[in-house]
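Undergrad: As a plain string of letters, each chain reads:
Protein chains: 2
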Amino acid sequence: DESSVESLDYEVIENFAYWEEQAQRGKLYVWYYVVVKWFFALLIGIGTGLAAVFINLSVENFAGWKFELTFWLIQKSYVVGFLVYLLINLVLVYSSVCIITQFAPAAAGSGIPEIKGYLNGVDIHGILLFRTLIGKVFGSIGSVGGGLALGKEGPLVHTGACIASLLGQVTCGCAAGVAAAFRAPVGGVLFALEEVTSWWRSQLMWRVFFTSAVVAVVVRTAMGWCGSGICGHFGSGGFIIWDISGAQDDYSFEELLPMAVIGVIGGLLGALFNQLTFHIAYWRRNFLHKRGNRVKIYEACLVSLITSLISFGLPLLRKCTPCPEYDPKSGIECPRAPGMYGNYVNFYCSKDKEYNDLATLFFNTQDDAIRNLFSAKTSHEFSAQSLLTFLVMFYTLAVVTFGTAVPAGQFVPGIMIGSTYGRLVGIFVVNFYKKLNIEEGTYALLGAASFLGGSMRMTMSLCVIMVEITNNLKLLPLIMLVLLISKAVGDAFNEGLYEEQARLKNIPLLGSRPVYEMRRMTAKEACGRRVISFPRVVKVADVVSILQSNKHNGFPVIDHTRSGETLVIGLMLRSHLLVLLQSKADFQHSPLPSDSRGSRFIRHSLNEFVKPASSKGMSIDDIHLSSDDLEMYIDLAPFLNPSPYIVPEDMSLTKVYNLFRQLGLRHIFVVPRPSHVIGLITRKDLLIEE
Amino acid sequence: DESSVESLDYEVIENFAYWEEQAQRGKLYVWYYVVVKWFFALLIGIGTGLAAVFINLSVENFAGWKFELTFWLIQKSYVVGFLVYLLINLVLVYSSVCIITQFAPAAAGSGIPEIKGYLNGVDIHGILLFRTLIGKVFGSIGSVGGGLALGKEGPLVHTGACIASLLGQVTCGCAAGVAAAFRAPVGGVLFALEEVTSWWRSQLMWRVFFTSAVVAVVVRTAMGWCGSGICGHFGSGGFIIWDISGAQDDYSFEELLPMAVIGVIGGLLGALFNQLTFHIAYWRRNFLHKRGNRVKIYEACLVSLITSLISFGLPLLRKCTPCPEYDPKSGIECPRAPGMYGNYVNFYCSKDKEYNDLATLFFNTQDDAIRNLFSAKTSHEFSAQSLLTFLVMFYTLAVVTFGTAVPAGQFVPGIMIGSTYGRLVGIFVVNFYKKLNIEEGTYALLGAASFLGGSMRMTMSLCVIMVEITNNLKLLPLIMLVLLISKAVGDAFNEGLYEEQARLKNIPLLGSRPVYEMRRMTAKEACGRRVISFPRVVKVADVVSILQSNKHNGFPVIDHTRSGETLVIGLMLRSHLLVLLQSKADFQHSPLPSDSRGSRFIRHSLNEFVKPASSKGMSIDDIHLSSDDLEMYIDLAPFLNPSPYIVPEDMSLTKVYNLFRQLGLRHIFVVPRPSHVIGLITRKDLLIEE
Ligand SMILES: Nc1ncnc2c1ncn2[C@@H]1O[C@H](COP(=O)(O)OP(=O)(O)OP(=O)(O)O)[C@@H](O)[C@H]1O
Ligand SMILES: Nc1ncnc2c1ncn2[C@@H]1O[C@H](COP(=O)(O)OP(=O)(O)OP(=O)(O)O)[C@@H](O)[C@H]1O
Ligand SMILES: [Mg+2]
Ligand SMILES: [Mg+2]
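If you read the protein sequences in the order shown, they are chains W and S.
The number in the numbering used here is simply the position in the first sequence, starting from 1, with 45 added.
The number in the numbering used here is simply the position in the second sequence, starting from 1, with 45 added.
Just so you know, the hints here were simulated from the structure itself, not pulled from any lab data.
Quick reminder that beta carbons are idealized off the backbone N, C-alpha and C, glycines included.
Computed spacing ranges between beta-carbons, pair by pair:
# : chain 1 : residue 1 : chain 2 : residue 2 : range
1 : W       : Val-560   : S       : Ser-49    : 35 to 45 Å
2 : W       : Lys-72    : S       : Gln-320   : 17 to 27 Å
3 : W       : Val-79    : S       : Arg-548   : 16 to 26 Å
4 : S       : Pro-369   : W       : Pro-373   : 25 to 35 Å
5 : S       : Gln-67    : W       : Ser-424   : 49 to 59 Å
6 : W       : Ser-424   : S       : Gly-269   : 16 to 26 Å
7 : W       : Ile-577   : S       : Ser-557   : 34 to 44 Å
8 : W       : Trp-83    : S       : Trp-328   : 32 to 42 Å
In silico BS3-like links for lysine-lysine, alpha-carbon gap of 27 Å or less:
#  : chain 1 : residue 1 : chain 2 : residue 2
9  : S       : Lys-729   : W       : Lys-550
10 : W       : Lys-374   : S       : Lys-422
11 : S       : Lys-374   : W       : Lys-519
12 : W       : Lys-596   : W       : Lys-629
13 : S       : Lys-729   : W       : Lys-569
14 : S       : Lys-422   : W       : Lys-519
15 : S       : Lys-729   : W       : Lys-596
16 : S       : Lys-374   : W       : Lys-374
17 : W       : Lys-519   : S       : Lys-519
18 : W       : Lys-729   : S       : Lys-550
19 : S       : Lys-519   : W       : Lys-422
20 : W       : Lys-729   : S       : Lys-569
21 : S       : Lys-374   : W       : Lys-422
22 : S       : Lys-569   : W       : Lys-72
23 : S       : Lys-72    : W       : Lys-569
24 : W       : Lys-396   : W       : Lys-121
25 : S       : Lys-396   : S       : Lys-121
Negatives, chain W to chain S, calculated, CB over 10 Å:
#  : residue
26 : Val-81
27 : Ile-91
28 : Lys-335
29 : Ile-355
30 : Glu-378
31 : Lys-396
32 : Ser-664
33 : Ile-668
34 : Asp-674
When you get a sec, could you build the whole thing from the sequences and use the hints?
TA: Right under this line is the structure:
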């Protein structure tokens, strides 16, 4: 498993090949490069936007047909309705899990831990393939349409990243995914900034923002186009926008206490969620899923059956509530018209003027359920008992569903859970502070924020996303307060959801700051003892045996000066060595170095050595060399990276860590203290005018 | 002048003192440290919020009284009204310029270039003193209240930074300032992120956001408290919030063309603004202001007189326009009630049902003028002729005012200019596309964004600020489009306003990416040739003479091993040497190194050597040593930084630049290539669990 993880290398290798390329390019190339990057950003935006529209359109239509059919059937028979409902869900989930297990195993789960890993500097095999993209798109249509307790937001982020990876800009894609999922361009950028990328170049920001905005425009255009009804059920629901700008936008100081309580609940439930999912995922990974794909399929189908049973069965047990009087100001009908989206679902009620509050939550798409929970001017729509039942059941379902072999996001389930207990608190507040103008929906929103904060531990990006999806800037300070508390409470127990999952998947994330112990360690203590290095001109047989004897990916190259002293001349990557071995073009008979860089004729296509190639898919065992070849030599000088970053042996590990992390490195050489200083570089030396 | 600029040093100096301190602290200290930091963040938020409220309250009241009095007087005599108006403005500006010239010279201008410099790693003398804070607060009340063509936003950012600097967290303060100026917490964070800081630690982000949100809460609370009218004129105007959420929030594709035109105009006018202000400021700096403070005072007073004359005189020349019919939907009265804020100012009009459109813009606080320009449902309020007149006059005033010795921001003038031509374009669009639902106010908003984009070249933060101040998320893609164009157009001509001004002020900013030429240079070529270094044990007389002979701030320290080879043992800072020389406590008679770090008793208080001290205010010439002292020795080993970052001599300057810039360094040692590699550090070596 470990072998599927490999570090990424962003180093510029200033070797002979690089200088050749630079010489050919000249300054105009920079412009060309900029234009291409922006064009790619545009493409990523459009691509991610369209993918998001496609997923939403499909999900909404599948779910829409499903509910329409079921509602039509239950007017005749609840048993038939239930069976059909169960069957449709099962088919959708089955198709999803089949796509994942048979076609694109890397597309299971949310994908965010993997993307996080990628942008932290580790490549997980298969995570950004085209195949994964396809699997993710179609798989998430099945799993979300099939009514499981999961969302399509995580998968959308992964989808965006896959699309962007085709064009080499994963960060852009990640932001685009969030922007598409929530129609929140600013939130998308902040998400990429805060949660995902480890090292950020400020010139990247504007481009990422541009991509997010393109996504927003694409999505808006598509929705405008579908507004007339030509897209079936899409247009009325879908993209999660809970516009509660009409809701309570002021608050009094008495309310801060219940809001703080929501924050604490969010922290506790969120941390519990992380803990439970960690253990279950651990068990799944190490026992259940080891038994093969068939078990994964059975498992997903079983979860689908349970989910259908609960979401259909529980509302049946619930007594209906009489409708409130019609309030022309809010314009909300009770019960809602058949085949429509909205509050007050009439389900298994005997009389006409009744509704089933549990069905309003359960027997609905998640987006609609959340919209109902967030809705203003609907106090007393939900009884505390129903909310509590729903909370417990849905929380359990979300925990159990997490980790099945289907594409699954945790945003929407998190919002569901959070807004349920938020509304529950809201009910008590409304009862308690009778005279205040309080909306239960506001509390539901704060609950949602608190649960996400307690589980994912995102801060600023989450805050902005919540503001953007609810389109209400005035709630910002309240959301902040709640997030601050829930994150602090959650942090007391465990790490964030994505970090936990990354740990489970053996993705070695480097945190943003060095751990405390590093202060007392030196670079020398941290690194391995015996260095495996190459001489400048090396026998092919030696290369082969060294590469076979270990799994290291970088090797120092040592040369001798004329006076016989040794000198480190650079770093040779395993991947480049493999290219050299495979092509054989640069083998030479003489064990002497070729004359000088420039004059030497390099037979190899240089392009391969400009960038650190990934050794993915190539291994030393795949290369077959004749015994003649093995007797030849290679001069490594033109291909190596002549100036890797170096640190003196007794530098503390904190400083090394900062260097490694801030510059996104893969290898650092630990060297002895220098004998003298050739010069000092200060700010003044770097102030070179263009 | 150059000597007032000094680099900042964020290096951790892992010397003996540091280890002592670490040993004393232990792990609990980390918690204490975190709590203190958050508490400080809270304080900064509250402080900046209160400062902003105080400035706004004062400005609004001064301006309110001024206009009230003038309006009351002109009902009797326009001449008397004019004289009083002129006099009040003059007094306010005079007091402002006196505060600046006599008391806090560093508080002149916007302060943003200096803060930018600070966070880029250069300390400009006096820029963050308490005295500067006071000067900034009171000075900007005078200059803004006095009706000059400048804003209070830049000064507020500086104010925030000063407050934060007292507690050692300038970045937080900078974000808080923006948040306070625009009531835009997210925009504040992004501003700090994008425009100001050069190196960002992701753990900082949440704290910065927290501070911004605290500011938002403080400001909101104060405004709520003043809502009842107890704060005089404050509450009705002030904090720039132009809520146009009722305005056009949809757009058709035909409109994209005029919007692009606005972007181009913004780019051109913005670049022109930067160019003109650069030249005028250059002239001021090198000729006018060299003549002393009296000239500065005369200049500011003259500018005030001209501004008063134009803003009172020009509307007089303008014929009044008959009022439009009263529209109960918009609820806007014409002419506005006396003593009120609003559209349709009746100024020098003969009849009752008339208003003066030029006075509506000119004879008003800037905030109100902008509110009028942004207002929806008021098509045809302004004639094209008036807008053009206003644009030309105000643009000229803004250029001339920029650089006078008063606190001055460029945000609000920029918004004024931009929204004027934006509305002008809007008028044509409304006439041209008659059937569409178009609001001139929307175009004014886009114009404002375009001018700021064309001048300041900020992108994402500006976008978010515009969205937050107009409280309308739906315009985001349009604002983006306009900004993208105006920034691109502006970039074709010159740098952003703040970069230009920083250049003028000799603030050596390091851009976010290395310039192209650096690719072809090596570290050795960039640094100075002859290194001035110290031996480990050095004679005091030598220290003095070396420090006197140059202005360098860091010196390598070279020791000899037993076998006689040289060895670089660290970097000694000038500031630390000065401390040693001044206290004399660590002088020793023997020229031999003291035994070892640990056993040696250091007489000096170690605290001074843990952090890189600033040599500000201390110079080698201030230190007086007896001839006995000069014969003594100092062992530098316990005080130096044992592991500065090093680069091999032939590393390309691009890589050195990235190292310097990303880690926020002050000194890098250029050393010879190492003779061998002791070990390699990879990701695996840094994965140490806490
Ligand atoms: N050439 C080498 N000689 C000796 N030890 C090495 C060498 N290269 C790496 N090491 C050590 O071996 C361990 C693993 O090295 P490896 O190259 O596999 O790096 P890694 O952390 O797994 O990252 P990557 O994803 O690049 O493989 C590290 O502890 C490192 O210090
Ligand atoms: N000890 C030294 N020996 C020789 N040259 C040095 C030394 N220190 C610095 N220099 C060179 O002198 C020039 C100016 O050095 P200085 O120390 O003043 O740095 P600076 O860029 O002005 O930044 P600072 O704000 O720290 O002074 C730089 O070009 C640098 O390469
Ligand atoms: Mg490895
Ligand atoms: Mg200097």
